[in-house]
Amino acid sequence: MATVTSADDGTPALSRTPLYDEHVALGATMVPFAGWSMPVKYTSDLVEHHAVRRAAGLFDISHMAEIDVTGPDAAAFCDRALAGRLSALAPLQSKYTMILAEAGGIIDDLIVTAVPDAAGPHFAIVANASNRAPVVAALAERATAFDGDVEVRDASDEYALIAVQGPRARDVLEAMPALTVESGAPEFGDTKYYRNTLARFGDVPVRVARSGYTGEDGFELLVPAGAAVELWRTLRATGAPHGLVPAGLAARDTLRLEAGMPLYGHELSLDVLPAQAGLGRVVAIDKDDFVGRDAVLAGPAAGAPVLVGLAAEGRRAGRAGYAVLDATGRPVGEITSGVLSPTLGHPVAMAYVSPAVAEPGTVLAFDVRGTAIPATVTTLPFYRRPRA
Amino acid sequence: MTDIPEDLSYTDQHEWVRIDGETATVGITEYAVTQLGDVVYVELPEIGTALAAGDVIGEIESTKSVSEIYAPLAGTVEHVNSELTDAPELVNAEPYGRGWIVKLAATGSEGLLSPAEYAELVAE
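Protein chains in written order, with this note's numbering: chain X, 1 to 388; chain D, 1 to 124.
Because the hints were derived from the structure by calculation, they are not lab data. In this text the structure is predicted, and so the values were computed from the model without any measurement. Among the hints, erroneous ones may be present.
Unchecked claim - Cβ pair distances, simulated, as ranges: (1) D:T34 - X:E187: 41 to 51 Å; (2) X:R369 - D:S82: 14 to 24 Å; (3) D:E46 - X:E230: 50 to 60 Å; (4) D:V56 - X:E230: 47 to 57 Å; (5) D:A74 - X:P374: 31 to 41 Å; (6) D:S82 - X:G321: 22 to 32 Å; (7) D:V56 - X:A88: 48 to 58 Å; (8) X:G27 - D:E46: 38 to 48 Å; (9) X:A155 - D:E46: 52 to 62 Å; (10) D:S82 - X:A133: 44 to 54 Å.
As the list claims (entries may be wrong) - A partial selection of chain D residues facing chain X, derived with a Cβ cut-off under 7 Å: (11) G37; (12) D38; (13) V40; (14) Y41; (15) T63; (16) K64.
Heads up, the beta-carbon is just placed ideally off N, CA and C, and yes, glycines get one too.
Please model the entire structure based on the sequences and the hints provided.
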């Protein structure tokens with residue numbers, strides 16, 4: 001939901017999620033992010049990071065865009081407009097996919113869910129906040145050009161999205177008063193990764209996805225905007241005895257980076273083909289024609305940079321924009337995200353480098369403001385959660 | 001309200017200075033700490049380095065950012081807080097205490113802000 005505030009000092013107005021007042025009351029540090037005023041941290045980003053790895057964290061991700069694709073030909077349209085084979089989704093199944101430009105570059109990465117709907121085929125797309133307008137515009141344009149009956153609707157303002165992430169996330173949901181799984185839908189614990197279940201919070205329908213952006217077990221709850229505050233407060237109160245704390249964008253970023261998950265604007269962009277980002281498998285190349293197919297088939301130019309993980313020792317992090325050097329000090333790439341990993345205790349980074357130096361085990365270096373910090377090419381993710 | 005001790009001087013780079021005879025102890029303010037987030041690395045200068053006011057004397061890295069530390073006064077580096085090498089989080093926990101960064105041999109207080117002037121700066 002976008003309540004646009006008017007700023008009288010000439011700065012651009014920022015949108016607020018339905019939970020804005022909750023964040024302010026909790027003492028969060030609010031920052032502008034993709035046109036939204038969002039909590040970057042509540043207390044300490046490291047405390048919040050560790051809480052998600054060890055217990056649970058509660059994230060407001062309502063800034064993300066929700067776009068509904070409906071109509072008798074919605075499945076065929078999604079196959080045509082997006083990179084994956086969405087027509088193969090079972091009801092309540094989700095898929096990580098992308099929307100590509102004709103030239104093969106990534107307009108955005110998306111999660112698409114097949115939603116059971118008495119009215120007919122229904123695919124719910126979650127897109128990045130920063131890409132809401134371009135994604136909606138590209139889908140609308142593709143729907144107009146599409147030979148079939150389909151409707152694209154930006155439903156972002158109607159929903160809040162709340163993520164509960166961490167090894168205790170399931171316990172928290174199961175302990176929630178007034179959050180009841182619909183009859184016939186899977187229990188929270190029986191809902192598999194990238195599957196959804198349907199629940200009610202009081203009278204309000206909630207779609208609960210077993211997914212996240214932290215590398216931990218967890219759930220993402222899609223709820224009508226008007227019920228967001230009550231759901232958020234109940235999750236906090238129910239989760240507190242389980243160690244759940246509200247967590248901000250700073251922790252979200254360090255968690256996803258450790259988990260090797262790309263972030264649009266850093267690892268993904270219009271200038272990057274899926275294969276360069278290690279996302280070739282996400283593209284269903286053998287399906288019928290789809291936007292970007294020819295470019296994906298042609299592949300990246302010879303020598304085009306590829307995404308790798310880099311791990312270093314010590315405490316000095318390589319950060320986005322820093323050069324990556326080879327053993328002779330020659331620039332061979334650039335860091336797109338980097339941090340001193342809170343969980344692992346050493347610097348980690350994702351970087352685009354020349355394919356000649358992309359083999360795991362290759363020793364490169366971060367150029368940290370004139371000091372070369374040795375870093376080794378590493379397979380992603382950096383962190384993998386222990387399996388129960 | 002951010003803590004601005006009355007017995008210190010300040011800079012517009014959000015550093016504090018405690019002048020004690022010919023020694024000036026330097027750290028970063030609670031306001032700066034709040035803006036930075038969790039400090040994970042502090043690069044310290046070498047003892048004996050001679051500095052002009054405004055010279056870069058080190059760096060503070062938080063999970064999200066890198067900031068430079070500037071010499072608030074001309075002087076020579078007398079001591080560095082080597083405790084920060086293994087425990088950079090002291091800057092967050094005790095910005096005006098165990099989180100101090102360097103001690104300079106320096107004289108005068110030219111160009112420094114009073115607590116009231118600094119409070120006005122961070123209120124803007």
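Verification of the supplied hints:
no.	hint	in the structure
1	D:T34 - X:E187: 41 to 51 Å	holds (42 Å)
2	X:R369 - D:S82: 14 to 24 Å	holds (22 Å)
3	D:E46 - X:E230: 50 to 60 Å	holds (57 Å)
4	D:V56 - X:E230: 47 to 57 Å	holds (50 Å)
5	D:A74 - X:P374: 31 to 41 Å	holds (36 Å)
6	D:S82 - X:G321: 22 to 32 Å	holds (30 Å)
7	D:V56 - X:A88: 48 to 58 Å	holds (57 Å)
8	X:G27 - D:E46: 38 to 48 Å	holds (39 Å)
9	X:A155 - D:E46: 52 to 62 Å	holds (59 Å)
10	D:S82 - X:A133: 44 to 54 Å	holds (51 Å)
11	G37	holds (5 Å)
12	D38	holds (4 Å)
13	V40	holds (5 Å)
14	Y41	holds (4 Å)
15	T63	holds (5 Å)
16	K64	holds (6 Å)
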